[in-house]
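In the UniProt record's numbering, the protein residues as written are 1 to 84.
Since the hints were derived computationally from the structure, they do not count as laboratory data. You may find that some hints are simply not true.
[Said to hold, decoys possible] List time: in silico SDA-like cross-link candidates among lysine to any residue, alpha-carbon distance up to 20 Å: (1) K58 / G39; (2) K10 / E40; (3) K23 / V71; (4) K79 / E57; (5) K54 / V82; (6) K54 / D80; (7) K23 / N66; (8) K48 / I8; (9) K54 / E74; (10) K79 / L37; (11) K79 / L65; (12) K58 / I8; (13) K10 / L43; (14) K10 / K48; (15) K23 / I45; (16) K48 / N66; (17) K35 / I73; (18) K54 / V71; (19) K79 / E40; (20) K23 / G41; (21) K48 / L72; (22) K10 / E78; (23) K35 / N16; (24) K10 / K54; (25) K10 / K23.
[Claimed, not checked] Taking CB as the label site, the calculated pair distances span: (26) N16 / E74: 16 to 24 Å; (27) P44 / V71: 30 to 38 Å; (28) E70 / I22: 15 to 23 Å; (29) I46 / D69: 37 to 45 Å; (30) K48 / I73: 31 to 39 Å; (31) P44 / D69: 21 to 29 Å; (32) A26 / D80: 16 to 24 Å; (33) I46 / E74: 33 to 41 Å.
Just so you know, even glycine gets a beta-carbon here, dropped at the ideal spot from N, CA and C.
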Amino acid sequence: MFERKSEIEKFDRSNNFVLWSIKMRALLTTQGLAKALDGEGELPIIMKASERVKLMEKAKSIILLNLSDEVLIEVVEEKDAVVL
Numbered sequence: 001m002f003e004r005k006s007e008i009e010k011f012d013r014s015n016n017f018v019l020w021s022i023k024m025r026a027l028l029t030t031q032g033l034a035k036a037l038d039g040e041g042e043l044p045i046i047m048k049a050s051e052r053v054k055l056m057e058k059a060k061s062i063i064l065l066n067l068s069d070e071v072l073i074e075v076v077e078e079k080d081a082v083v084l
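Please work from the sequences and hints to get the whole structure.
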């Protein structure tokens with residue numbers, strides 16, 4: 001079985017943010033990371049702390065990689081994927 005690579009256009013403020021965010025949520029969902037968008041406090045209690053951190057870091061990384069350089073430089077210091 002093969003894994004389909006999903007790509008979306010990077011958000012650069014000239015494209016529609018609502019459409020970009022829908023596509024971003026879909027991308028995170030395919031990777032099992034959409035729960036990160038609800039915030040770390042909303043993750044299952046039974047999830048280990050290290051798993052929580054890993055999930056949040058992966059989600060943040062995917063979001064950052066889908067931002068243009070101009071937008072990225074403005075949000076790179078944010079700690080949480082929810083804020084992005």
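We went through each hint and held it up to the structure:
1. Between K58 and G39, the direct Cα distance comes to roughly 13 Å. Compliance with the 20 Å bound is thereby established for this hinted pair.
2. A hinted pair counts as satisfied when its Cα atoms are at most 20 Å apart, and K10 with E40 does not qualify at roughly 25 Å.
3. Restraint check: the Cα-Cα separation between K23 and V71 comes to about 17 Å, which is no more than 20 Å; the hinted pair holds.
4. Taking the CA atoms of K79 and E57, the gap is about 9 Å. The hint holds against a cut of 20 Å.
5. As the CA atoms of K54 and V82 are separated by approximately 15 Å, the hinted pair is consistent with the 20 Å bound.
6. Between K54 and D80 the CA atoms are separated by roughly 12 Å; this keeps the pair inside 20 Å, and the hint holds.
7. Distance hint between K23 and N66 is fulfilled; the C-alpha atoms sit about 10 Å from each other, no more than 20 Å.
8. Proximity of K48 to I8 is assessed by CA-CA distance (about 31 Å); at most 20 Å being required, the pair is judged violated.
9. For the given pair, K54 sits about 23 Å from E74 by alpha-carbon distance, which is inconsistent with the 20 Å threshold.
10. A C-alpha spacing of about 13 Å is found between K79 and L37, which places the hinted pair at or below 20 Å, so the restraint holds.
11. At most 20 Å may separate the alpha-carbon atoms for a hinted pair to count; K79 and L65 meet this at roughly 15 Å.
12. As the CA atoms of K58 and I8 are separated by approximately 17 Å, the hinted pair is consistent with the 20 Å bound.
13. A C-alpha spacing of about 27 Å is found between K10 and L43, which places the hinted pair above 20 Å, so the restraint is violated.
14. For the proposed pair K10 and K48, the alpha carbon gap of about 32 Å is over 20 Å, so the pair is violated.
15. Of the supplied pair hints, the one linking K23 and I45 is violated, its CA atoms being roughly 28 Å apart against a limit of 20 Å.
16. Among the hinted pairs, K48 with N66 is inconsistent with the structure: their alpha-carbon atoms are about 28 Å apart, more than 20 Å.
17. For the given pair, K35 sits about 25 Å from I73 by alpha-carbon distance, which is inconsistent with the 20 Å threshold.
18. Note on K54 and V71: the hinted pairing is violated, with a Cα-Cα distance of about 24 Å set against a maximum of 20 Å.
19. At roughly 11 Å between alpha-carbon atoms, K79 and E40 fall within 20 Å of each other, so this suggested pair holds.
20. This hinted pair does not check out: K23 and G41 have alpha carbons roughly 24 Å apart, beyond 20 Å.
21. The hinted pair formed by K48 and L72 fails the criterion: a straight-line CA distance of about 30 Å is larger than 20 Å.
22. For a cut-off of 20 Å, the pair hint linking K10 to E78 stands: about 18 Å separates their Cα positions.
23. As the CA atoms of K35 and N16 are separated by approximately 23 Å, the hinted pair breaks the 20 Å bound.
24. The straight-line distance between the Cα atoms of K10 and K54 is roughly 23 Å, outside the 20 Å bound, and the hint therefore fails.
25. A distance of roughly 11 Å separates the Cα atoms of K10 and K23; the hinted pair therefore holds under the 20 Å criterion.
26. The hint said 16 to 24 Å for the Cβ distance between N16 and E74, and at roughly 19 Å that hint holds.
27. Taken as a hint, the range 30 to 38 Å holds for the pair P44 and V71, whose Cβ atoms sit roughly 31 Å apart.
28. Distance hint check for E70 and I22: the Cβ-Cβ separation is about 22 Å, which falls inside the suggested range of 15 to 23 Å.
29. Taking 37 to 45 Å as the suggested C-beta distance range, the pair I46 and D69 conforms, at roughly 39 Å.
30. The supplied range of 31 to 39 Å is met by K48 and I73, whose beta-carbon atoms lie about 33 Å from each other.
31. Checked against the given bound of 21 to 29 Å, the beta carbons of P44 and D69, roughly 35 Å apart, lie outside it.
32. Between A26 and D80 the beta carbons are some 20 Å apart, a value that agrees with the proposed interval 16 to 24 Å.
33. Checking the proposed 33 to 41 Å range against I46 and E74 shows it holds: the Cβ atoms sit about 36 Å from each other.
Hints 2, 8, 9, 13, 14, 15, 16, 17, 18, 20, 21, 23, 24 and 31, counting from the list given before, are not met by this structure.
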